[in-house]
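Engineer: Chain by chain, the residues:
2 protein chains.
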Amino acid sequence: MASLVRKLEQFVRLSPVDHVILNRASTERVRHFGPRVDIVREGEKPKDVHLILSGWACRYKQLEDGRRQVVAFFLPGDICDVNVFILREMDHSIGTITQVAVADLSREFFDQVAAGHPRIVTAFWWETLVNAAIQREWTMNLGQRTALERMAHLLCEIWLRLRLSGLTKGDSCDFPLTQGDLADATGLSKVHVNRTLQELRAAGLIVLKGKTLAVPNLDRLMEAGLFNPNYLHMDHEGRQLDAASITDTAVG
Amino acid sequence: MASLVRKLEQFVRLSPVDHVILNRASTERVRHFGPRVDIVREGEKPKDVHLILSGWACRYKQLEDGRRQVVAFFLPGDICDVNVFILREMDHSIGTITQVAVADLSREFFDQVAAGHPRIVTAFWWETLVNAAIQREWTMNLGQRTALERMAHLLCEIWLRLRLSGLTKGDSCDFPLTQGDLADATGLSKVHVNRTLQELRAAGLIVLKGKTLAVPNLDRLMEAGLFNPNYLHMDHEGRQLDAASITDTAVG
DNA sequence: CGCTTTCTTGACATGCATCAAGTCGGGTGG
DNA sequence: CCACCCGACTTGATGCATGTCAAGAAAGCG
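Here the protein sequences line up with chains Z and C, keeping their order. One point on numbering: in UniProt numbering, the residue at position 203 of the first sequence is 203, and numbering is uninterrupted. One point on numbering: in UniProt numbering, the residue at position 193 of the second sequence is 193, and numbering is uninterrupted.
Simulated from the structure, these hints should not be mistaken for laboratory data. It is possible that part of the hints are untrue.
Note that the list lumps identical chains together, so a pair holds whenever it fits in one copy or between two copies.
[Stated by the list, open to error] With a straight-line cut-off of 20 Å between C-alpha atoms, the simulated EDC-like cross-links for lysine to aspartate or glutamate are: (1) Lys-209 - Asp-104; (2) Lys-190 - Glu-89; (3) Lys-47 - Asp-235; (4) Lys-169 - Glu-108; (5) Lys-211 - Glu-89; (6) Lys-211 - Asp-111; (7) Lys-45 - Asp-65; (8) Lys-209 - Asp-235; (9) Lys-45 - Glu-157; (10) Lys-45 - Asp-235; (11) Lys-169 - Glu-42; (12) Lys-45 - Glu-127; (13) Lys-47 - Glu-28; (14) Lys-190 - Glu-44.
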């Protein structure tokens with residue numbers, strides 16, 4: 001949960017009590033999953049909200065003929081969908097990439113937050129809005145960018161999100177995605193993903209080997225991906241704001 | 001505003017007071033825009049939330065070299081982004097397609113709702129979650145579907161959303177989008193959009209002429225688009241639920 | 001009624017998919 | 001500790017869906 005709080009505090013300063021609440025929620029009901037396993041399946045009734053404590057997962061949708069699209073990656077500290085249980089059934093599945101530890105957040109937890117912890121509510125809205133922005137950017141990515149740009153863009157996004165959660169060391173990070181995963185996320189074929197990665201390597205933009213990615217020059221990779229980080233809303237505004245002044249006005 | 005309340009009540013039964021609140025908010029500060037004009041631009045500080053009272057608009061993003069992606073269409077009754085003002089700057093623009101009337105919803109309005117109208121809060125979360133689901137489906141659409149499937153899918157979605165808001169008559173509806181708009185939304189070229197539409201016409205799946213679309217056989221169009229309406233979450237659950245029982249438990 | 005935007009059609013180009021056949025690497029059991 | 005095996009990666013040859021370019025026809029609009 002460290003990464004969740006770390007992430008949310010980029011935006012809102014949380015009180016000690018808020019910390020306690022979040023800590024409790026993220027240690028109470030924890031489940032562990034192996035790699036390449038489904039956590040929730042399309043069509044099921046959503047019950048709890050899932051908080052990824054460790055490991056990587058993804059959200060994906062599938063057509064009857066097997067075509068599969070990864071529509072989001074979940075990294076440690078990510079919340080799958082605040083308040084999903086409002087909906088009657090899942091319109092997508094969530095599956096693990098690596099081993100994953102998940103905390104199940106109950107409806108009651110969100111009630112409690114709504115009733116008495118406005119800063120957390122604000123932080124959850126922020127999380128929701130940023131996720132929406134990321135999804136829009138993926139739409140843009142698939143609709144307008146070339147294979148090379150698309151791949152570079154995706155790698156930039158993952159890199160920055162990992163860094164925000166403190167999961168990079170120097171210029172490298174763990175990178176458990178296979179070329180097949182990247183294909184499903186970018187809408188490219190596996191073969192073309194392979195060739196695109198080679199192109200990025202040849203240009204010195206990435207070093208990708210085993211399950212480790214290094215980005216020797218982020219600016220150049222961002223250029224290659226026509227990457228504008230504004231949509232991640234990492235502006236750290238909350239750092240300067242007194243939480244009370246936000247929470248009294250920002251939430252619905 | 002009729003269409004907003006109509007839409008939200010598919011999900012939650014609102015109280016008379018809730019109606020009054022929403023009515024007031026959507027008549028207080030109304031602005032009118034001509035067709036093909038920007039309402040908000042990327043980079044601006046979001047101030048109010050926009051509720052589309054009448055007309056069509058879209059959300060779009062643009063690359064520096066001019067490539068443009070429409071990432072969402074707004075129809076009457078749609079709210080652009082609940083609580084956007086939490087974010088420091090817009091990561092996309094909103095532009096009109098037709099003439100549009102917009103109600104500006106203030107931060108204070110959302111505070112008021114948050115403080116005393118839990119059913120509306122629930123309804124807003126529902127709206128937010130459904131919009132997120134739509135955005136995911138667009139990602140899927142661009143990543144996996146062929147031109148023909150993609151176009152059929154988009155038309156199905158628009159059709160169902162219009163129908164939900166009571167904006168279809170029989171098997172036809174107003175359809176102000178140009179082939180250029182469709183191209184920007186589907187990630188196809190204008191020329192290919194033209195050919196794809198002709199194919200749909202030749203198959204008898206649509207009648208599209210002037211600014212009117214007719215769908216003689218929705219089921220067949222849905223088949224062609226591999227369209228599964230689950231992501232629109234139109235299950236009307238709220239109709240049966242007593243609002244109180246939802247609002248006491250569903251919101252954060 | 002002329003001007004501009006939108007639509008349509010044809011010819012040609014290309015980015016990426018598909019098919020097919022390896023090679024590498026890392027986990028596992030003998 | 002080796003040998004095998006299976007998933008992940010790589011490479012080449014070929015095909016096709018969709019893009020691009022160009023020009024004209026229709027349709028809206030002042």
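Engineer: All hints, please: hold or fail.
Structural biologist: Outcome of the hint check:
1. Lys-209 - Asp-104: Neither: 34 Å inside a chain and 51 Å across chains, both beyond 20 Å.
2. Lys-190 - Glu-89: neither (31 Å within a copy, 36 Å between copies)
3. Lys-47 - Asp-235: For Lys-47 and Asp-235, only the inter-copy Cα distance (17 Å) is at most 20 Å; the intra-copy one is 33 Å.
4. Lys-169 - Glu-108: Result: close neither inside a copy nor across copies, 37 Å intra and 43 Å inter.
5. Lys-211 - Glu-89: Intra 35 Å, inter 35 Å, cutoff 20 Å: neither.
6. Lys-211 - Asp-111: For Lys-211 and Asp-111, neither the intra-copy (40 Å) nor the inter-copy (46 Å) Cα distance is at most 20 Å.
7. Lys-45 - Asp-65: Intra 24 Å, inter 44 Å, cutoff 20 Å: neither.
8. Lys-209 - Asp-235: Close neither inside one copy (32 Å) nor across copies (47 Å); limit 20 Å.
9. Lys-45 - Glu-157: Answer is neither: 31 Å inside a copy and 23 Å across each miss the 20 Å cutoff.
10. Lys-45 - Asp-235: between (36 Å within a copy, 13 Å between copies)
11. Lys-169 - Glu-42: neither (36 Å within a copy, 33 Å between copies)
12. Lys-45 - Glu-127: between (23 Å within a copy, 18 Å between copies)
13. Lys-47 - Glu-28: Only inside one copy: Lys-47 and Glu-28 sit 16 Å apart there, 38 Å across copies, limit 20 Å.
14. Lys-190 - Glu-44: neither (30 Å within a copy, 39 Å between copies)
Violated hints for the displayed structure, listed by number in ascending order: 1, 2, 4, 5, 6, 7, 8, 9, 11 and 14.
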